[in-house]
Amino acid sequence: MKGVGTILVVAALLAAVPLFGVSNVTLNFLVTALIIALAGQGWNVLGGYGGQYSFGHAAFFGTGAYVSAILQLRYGVNAWIAFAAGIGAGALAGAIIGGLSFRSGLRGSYFALVTLAFAEVLRILASVTPITGAGVGLLVKLDLRPEAFQFQSRVPFYWIILALVTVSLLIVRAIENSRFGAYLVAVRENEEAAKALGVNVIAVKLGAMVISAAIVAAAGGFYVQYFLFIDAGIAYGPWISIEALLAPIIGGVGTVFGPLLGALVVKVLGEAAKLVTGDAPGLDLMIYGGVLVLVIALAPRGIAGVVADLRARIVRRKPEAKPEQPTAGHHV
Amino acid sequence: MLSPAILFTAVLNGLMTGAIYALVALGLTLIYGVLHIINFAHGALLTVALFAALIAYQTFGIDPYLAAFLLAPLFFGLGYLLQRLVIGPAARGEDRNILLVTLGLAVLIENALLYVFRADTRTINLPYAFEVFEIGPAVVALPRLAALGAVAVTTLILWAIMRYTSTGRAIRAVAKEKLGAQLAGIDVAHIYAVTFGLGTACLAVAACLLLPTYYVNPGAGNAFVLVAFTIVVLGGMGSLVGALLGGLLIGVVESLCGFFLGESLGQIGIFTIFILVLLLRPHGLFGEAT
Amino acid sequence: MSLNRLNRRTFLQSTALGAAVIAAPSVLRAQGAPVKVGILHPVSGALSYSGQQGRLGAQMAVDAINAAGGIKALGGAKIEAILGDAQSTPEGGNAEVEKMNSAGVSAIVGGYASSICLSASQTAARYDLPYVVDVGVVDSIVTRGLKNTFRFGPGFGVIAKTALDNLVAINEAAGKPAKTVMIVHEDSAFGAGLAKLLNAQLPERGFQILETIAHPTPTRDFNNVALKIKAQNPDIVIPANYYNEYVLLARTMQQQRIRPKGIYSVLGGAASSYKFVKEFPDAAEYIMDCNHWFDPKNPKAQELKKQVEAKGQFYTYEVYMNYSCVLLLADAIERAASTDRAKIIGALESSTFSGHVMPYGPTKFVNGQNQGAAPVNTQVLKKDIEVILPAAFASAKAVFPMPRA
Numbered sequence: 001m002k003g004v005g006t007i008l009v010v011a012a013l014l015a016a017v018p019l020f021g022v023s024n025v026t027l028n029f030l031v032t033a034l035i036i037a038l039a040g041q042g043w044n045v046l047g048g049y050g051g052q053y054s055f056g057h058a059a060f061f062g063t064g065a066y067v068s069a070i071l072q073l074r075y076g077v078n079a080w081i082a083f084a085a086g087i088g089a090g091a092l093a094g095a096i097i098g099g100l101s102f103r104s105g106l107r108g109s110y111f112a113l114v115t116l117a118f119a120e121v122l123r124i125l126a127s128v129t130p131i132t133g134a135g136v137g138l139l140v141k142l143d144l145r146p147e148a149f150q151f152q153s154r155v156p157f158y159w160i161i162l163a164l165v166t167v168s169l170l171i172v173r174a175i176e177n178s179r180f181g182a183y184l185v186a187v188r189e190n191e192e193a194a195k196a197l198g199v200n201v202i203a204v205k206l207g208a209m210v211i212s213a214a215i216v217a218a219a220g221g222f223y224v225q226y227f228l229f230i231d232a233g234i235a236y237g238p239w240i241s242i243e244a245l246l247a248p249i250i251g252g253v254g255t256v257f258g259p260l261l262g263a264l265v266v267k268v269l270g271e272a273a274k275l276v277t278g279d280a281p282g283l284d285l286m287i288y289g290g291v292l293v294l295v296i297a298l299a300p301r302g303i304a305g306v307v308a309d310l311r312a313r314i315v316r317r318k319p320e321a322k323p324e325q326p327t328a329g330h331h332v
Numbered sequence: 001m002l003s004p005a006i007l008f009t010a011v012l013n014g015l016m017t018g019a020i021y022a023l024v025a026l027g028l029t030l031i032y033g034v035l036h037i038i039n040f041a042h043g044a045l046l047t048v049a050l051f052a053a054l055i056a057y058q059t060f061g062i063d064p065y066l067a068a069f070l071l072a073p074l075f076f077g078l079g080y081l082l083q084r085l086v087i088g089p090a091a092r093g094e095d096r097n098i099l100l101v102t103l104g105l106a107v108l109i110e111n112a113l114l115y116v117f118r119a120d121t122r123t124i125n126l127p128y129a130f131e132v133f134e135i136g137p138a139v140v141a142l143p144r145l146a147a148l149g150a151v152a153v154t155t156l157i158l159w160a161i162m163r164y165t166s167t168g169r170a171i172r173a174v175a176k177e178k179l180g181a182q183l184a185g186i187d188v189a190h191i192y193a194v195t196f197g198l199g200t201a202c203l204a205v206a207a208c209l210l211l212p213t214y215y216v217n218p219g220a221g222n223a224f225v226l227v228a229f230t231i232v233v234l235g236g237m238g239s240l241v242g243a244l245l246g247g248l249l250i251g252v253v254e255s256l257c258g259f260f261l262g263e264s265l266g267q268i269g270i271f272t273i274f275i276l277v278l279l280l281r282p283h284g285l286f287g288e289a290t
Numbered sequence: 001m002s003l004n005r006l007n008r009r010t011f012l013q014s015t016a017l018g019a020a021v022i023a024a025p026s027v028l029r030a031q032g033a034p035v036k037v038g039i040l041h042p043v044s045g046a047l048s049y050s051g052q053q054g055r056l057g058a059q060m061a062v063d064a065i066n067a068a069g070g071i072k073a074l075g076g077a078k079i080e081a082i083l084g085d086a087q088s089t090p091e092g093g094n095a096e097v098e099k100m101n102s103a104g105v106s107a108i109v110g111g112y113a114s115s116i117c118l119s120a121s122q123t124a125a126r127y128d129l130p131y132v133v134d135v136g137v138v139d140s141i142v143t144r145g146l147k148n149t150f151r152f153g154p155g156f157g158v159i160a161k162t163a164l165d166n167l168v169a170i171n172e173a174a175g176k177p178a179k180t181v182m183i184v185h186e187d188s189a190f191g192a193g194l195a196k197l198l199n200a201q202l203p204e205r206g207f208q209i210l211e212t213i214a215h216p217t218p219t220r221d222f223n224n225v226a227l228k229i230k231a232q233n234p235d236i237v238i239p240a241n242y243y244n245e246y247v248l249l250a251r252t253m254q255q256q257r258i259r260p261k262g263i264y265s266v267l268g269g270a271a272s273s274y275k276f277v278k279e280f281p282d283a284a285e286y287i288m289d290c291n292h293w294f295d296p297k298n299p300k301a302q303e304l305k306k307q308v309e310a311k312g313q314f315y316t317y318e319v320y321m322n323y324s325c326v327l328l329l330a331d332a333i334e335r336a337a338s339t340d341r342a343k344i345i346g347a348l349e350s351s352t353f354s355g356h357v358m359p360y361g362p363t364k365f366v367n368g369q370n371q372g373a374a375p376v377n378t379q380v381l382k383k384d385i386e387v388i389l390p391a392a393f394a395s396a397k398a399v400f401p402m403p404r405a
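Chains as they are written, first to last, in my numbering: chain A, 1 to 332; chain B, 1 to 290; chain C, 1 to 405.
Mixed in with the good hints, there may be bad ones.
[As the list claims (entries may be wrong)] Think about it this way: if two alpha-carbon atoms lie no more than 25 Å apart in a straight line, the pair counts; the simulated SDA-like pairs of lysine to any residue are: (1) C/Lys278 - B/Thr121; (2) A/Lys274 - C/Ala103; (3) A/Lys141 - C/Lys99; (4) C/Lys196 - A/Thr32; (5) A/Lys195 - B/Gly262; (6) C/Lys275 - C/Gly175; (7) C/Lys99 - A/Gly21; (8) C/Lys382 - C/Phe280; (9) A/Lys274 - C/Ser102; (10) C/Lys382 - B/Glu131; (11) C/Lys275 - B/Phe117; (12) A/Lys141 - A/Thr32; (13) C/Lys230 - C/Leu164; (14) C/Lys99 - C/Arg144; (15) C/Lys383 - B/Phe130; (16) C/Lys161 - C/Lys343; (17) C/Lys196 - B/Ile268; (18) B/Lys178 - A/Glu191; (19) C/Lys305 - C/Ser338; (20) C/Lys196 - A/Thr129; (21) C/Lys311 - B/Leu279; (22) C/Lys176 - C/Lys343; (23) C/Lys196 - B/Gly262; (24) C/Lys343 - C/Ala68; (25) C/Lys36 - A/Leu73; (26) C/Lys99 - A/Ala273; (27) C/Lys278 - B/Gly262; (28) C/Lys311 - C/Lys343; (29) C/Lys275 - C/Asn233; (30) C/Lys99 - A/Thr129; (31) C/Lys36 - A/Ile287.
Derived by calculation from the structure, the hints in this document are not laboratory data.
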C-alpha cells in the first residue's frame, strides 16, 4: 500500500529514541506529545478528511478514560481488556452523538457547538455521578506489572503510545487510499454534490465519526494508565477538545502526518516558551497564544502546507492554490 | 416548600441573571450574524472589560455604572482594531483560521492578564450593592435590578443602530449577502470591524453591570461563554431579538433547574436544551426555518 | 534583620542534637554543594493564586534557612530551590517532577491541589524521591502505601471529625441553640468529599440536615441557593467551597438579609482569609471556620505574618503551610546529614520536628501522615480572625449564636 513505508520508517526512527539513553524528562515529554498526537489524529479523521469540525472530542477522550478506569476499579477487569473496552465505548459514544447530529443535518458551526455541548453535559454528569468518583475523581491503583498495563520504566509506555500512534497513522493512510476516504473527501468538498452522486452522506460521516471517536478514546484510555488519575475536568474538560484540534491544524489538517507534527511542534513551543520566560506565571502561555496567531497568519495550511510549498518550489513548480488535500483528491 | 412566592422569586432571579447572559450573547450573535464566526475570544474580552471597569473604579474612582459610558466606546475601538488589524488579516477569510485566531487571542489575552494582575480574585464593595427592593415576596438587590434595566436600554440602542443608521443598514446588507454588498460599494472589511467593535462594546457594558455583584480574575469571563453560545443558538444565530429572549429564557431555566435539580444539574438543564434545540430546531426558537 | 535571628535561634534549637552529632564530617567539607529541593506549585492556570502563595511561603523558608547558615550537617550547604509550575493540572505536575528528578533534587515539597499531589507524589515514588505534600487534603494521598510521600497537614477525615467535634462543643457551650443544618458545597473533590462525610456524621451528633446543596465551580449566581436557605431557615449554614463562590454566597446572604444562628464553614474558601475580612468586613463578621491555621501563640508565626504583609501579600494558609513543610524537610536533611533520598525518607519517618509555625506539636509520621496535624476553629471577630478552638491555641472566645443586628 502506498505511503505505508514512510509511516513505518518514521515509527522505527521514533521507536529508536529510547535506545540513545534520553532522559525520563524527554520521554515523559514525548509521551504527553504523542497522547495529543493520537487524539489529534482521531480528530483529523473527522475534521481533516470529513470537514466536520468538532469542538467536543473530549466526549470520546473522557469516555475511553472513564470506562477503562471504572472497569478496572469497580469490576476488577484486567487493564488491557478495560482499555479495549474503553475504545469500544468511545466508538459507541461517537455513533450516538454522530447519529443524532448528522441525522439532524448539523454541520459547520452548528456541529461544532453541538459536540461542545455533549462534552459539557458529560463533564457535568461525571462531576456529580458516584460511579465516576463524582468530583473526587478516580485513582487507578499503582500496580507496576505489565499485565496491569503499568510499567516501572517510561520506555514501555513510550513504545505503546508510539505503537498506537503508528496504528492511527496506518488507519488514516488506509482511509486515504480507500473508496470510503474518497467519499469522505467528497462530502467535505461539497456535500450536495456528493449526495447527488449517490454517496450516502450520513453513513460516511457516521463512519468517520466512529473511527475518529475510537482513536481519541484510545488516547483517553492510555492517559489513565500513564497518569493513573482521572477526574471530570481532565476527562471531559475543554483542554483536550482544543488540543486535539490544534495539533492537526498546526501540523496540517487533512494530512497523514499533520497531527503528529503539530502535536510535537505545539508541545516544543510550549516548553521553549517556558524555558525562555522562566517562572513568570502566564508569560509562557501568552507567547504560545501569540505564536499561534502568527502561525495562522503566516502559514495557514499548517506545517505540512509549508513543507509542501517548499518542496513544490524546489521542484520548480509554482505552489498552486491547491487546498490541503494531498493524495485523496485524485479518487474523486 | 414549593410556594408561589418561592417560584416567583426563582423566576425573577433567573430573569436578572438572564439579562446579563443576554447582553454577552448579543455581542456574540452580532459577530456571528455578520462574520459567520464563533468568536472564541469573547470570554477573554469580557474579562478584559471587567478589569477595565475594576481599574476605572479603583484607580480613578469612577462608578461602574458611569464607567459603562466611557468603556463602551473604548471597547468599540478595541474590537474594531482587533478585527481590522489582527483577526481579519490573519484569517484571510477562512472560517477555520478565524476560529484559531480568536482561540489564540483568547489564550494570549487571558495569560497577559494573568501576568499583569496575577490570579487573585478581586471584588469591589460598593455601598449601594447591598441596597434591596422588595418586589412582591422577593428581595432584589439594586445592582441586579439596574442590570435588567440597562440591558433593555442597551438592546434598544443596538436595535436602533441596526435599524435606522446607514452603518446599521450596511451591516445588515453584509450579513445577508456579502458579495452583493461588496458590489454595491460597501466596504466589507470596515463593516466587519464595526460589527466586531459593537459586539465588544456590549461586553464592556456587561462587565460594568456585572462588577458590583461579581468578581474579577483572569478567568472570570469564561464562565459566561458557553452559556452565551447556547443562547446564540437558541435565539437563532445572528438574531438580536433571539439573543435577548434566549438569554432571559436560559436565565429562568437555569434558575428553575438549579432550584429543583440542584445547582450542578442546573447547568445540565441548559445544555440539554441546547442540544435539543440544535437537533430539532437548529435555526433557533426564534429564527426562521430554512 | 530580627526575623533571621529569630529563625536561626528556633532553627538551631530544633536541630541542635542532629547538628552536634554530625558536626565533625561537616568540617571536612568546606562549603557543601547546594542541596537541591524541588518546590512544586500550580503558579499558572486556575489555581495560580494559591500556587503563587505557596511558592512564596516555600521560598521564604528557603531564604530563612540559607540566611541562618544553610544545612549545618552538610557544611553549611545552601538550599537551592528548583521551582516548578504544575500549571494547575496533574500532568503538568508530573512533568515537573520528571524535570526535578533529572535536575538531581533531593526532595520535593508542594503540589497544593489534591489531584496534583496524587499524580506528582506517585511519579516521585518511581525515583524513591521524598515528597512532602503541602496542602492536598484527599485522604488517598497517604493511603496508597507510597513510602516516599509525607503529608504534614491534616486530611479530610481529620478535618471533618475536628469540625464536627468543635461544632458540637461550640453548640453545647452555648446551651444547644442549634439543631438544624444546611450544607452548601462545591461539587469537585474537596467539597463533595466533605459533604459526604458531614452527611454521614452530623445526624449521629444530633443535628438534622435540612438540605445539602451542591454547586459547580464556577457558579455565577447564588440567589437561588440563598432562596433555599431562606425558605428552610436552618440554624447553621455550613459552606464548603472555594474563595470566589464563598464570596458570592456570603454577599448574597447579606443582601438577602439571611442571618442564621451561625455560619460555620469547613475549609471555607474565604472565612479564614484576611483578604475576605478586609474587603467585606460586614459580610465576614462572626463567620466561623474550621481550617488550616497558624499557631497564633508562636512568635515565629507572628513574625512571618509581619514579613509576608510587608511584601504586600496576604498571610494565607498556603504561605505558612509551605513555609513549615520546607523547614520540616530541611530538618530531615540536617538529621540525615546527606542528600541521599533514602536517608531523607528515613529521617522524615522518624521526624519529631517542632520548629514549624503550625499548631500541630511535634511531628510524627505514621504511614506518611503527620499525626499531630489538625485544623483549628477560627472566627471573624471585630474585623480580625481569632482562633476559638482548641483551647490551647485560642486567642478569643466563640461568639455563638451570632448577635442579631
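The hints, checked one at a time:
| no. | hint | in the structure |
| --- | --- | --- |
| 1 | C/Lys278 - B/Thr121 | holds, 13 Å |
| 2 | A/Lys274 - C/Ala103 | holds, 16 Å |
| 3 | A/Lys141 - C/Lys99 | holds, 24 Å |
| 4 | C/Lys196 - A/Thr32 | violated, 34 Å |
| 5 | A/Lys195 - B/Gly262 | violated, 46 Å |
| 6 | C/Lys275 - C/Gly175 | violated, 33 Å |
| 7 | C/Lys99 - A/Gly21 | holds, 16 Å |
| 8 | C/Lys382 - C/Phe280 | holds, 12 Å |
| 9 | A/Lys274 - C/Ser102 | holds, 17 Å |
| 10 | C/Lys382 - B/Glu131 | holds, 23 Å |
| 11 | C/Lys275 - B/Phe117 | holds, 16 Å |
| 12 | A/Lys141 - A/Thr32 | holds, 21 Å |
| 13 | C/Lys230 - C/Leu164 | holds, 24 Å |
| 14 | C/Lys99 - C/Arg144 | holds, 24 Å |
| 15 | C/Lys383 - B/Phe130 | holds, 19 Å |
| 16 | C/Lys161 - C/Lys343 | violated, 34 Å |
| 17 | C/Lys196 - B/Ile268 | holds, 22 Å |
| 18 | B/Lys178 - A/Glu191 | holds, 22 Å |
| 19 | C/Lys305 - C/Ser338 | violated, 32 Å |
| 20 | C/Lys196 - A/Thr129 | holds, 13 Å |
| 21 | C/Lys311 - B/Leu279 | violated, 55 Å |
| 22 | C/Lys176 - C/Lys343 | violated, 52 Å |
| 23 | C/Lys196 - B/Gly262 | holds, 16 Å |
| 24 | C/Lys343 - C/Ala68 | holds, 23 Å |
| 25 | C/Lys36 - A/Leu73 | violated, 37 Å |
| 26 | C/Lys99 - A/Ala273 | holds, 16 Å |
| 27 | C/Lys278 - B/Gly262 | violated, 32 Å |
| 28 | C/Lys311 - C/Lys343 | violated, 36 Å |
| 29 | C/Lys275 - C/Asn233 | violated, 29 Å |
| 30 | C/Lys99 - A/Thr129 | violated, 36 Å |
| 31 | C/Lys36 - A/Ile287 | violated, 29 Å |
Hint violations for this structure: numbers 4, 5, 6, 16, 19, 21, 22, 25, 27, 28, 29, 30 and 31, all remaining hints satisfied.
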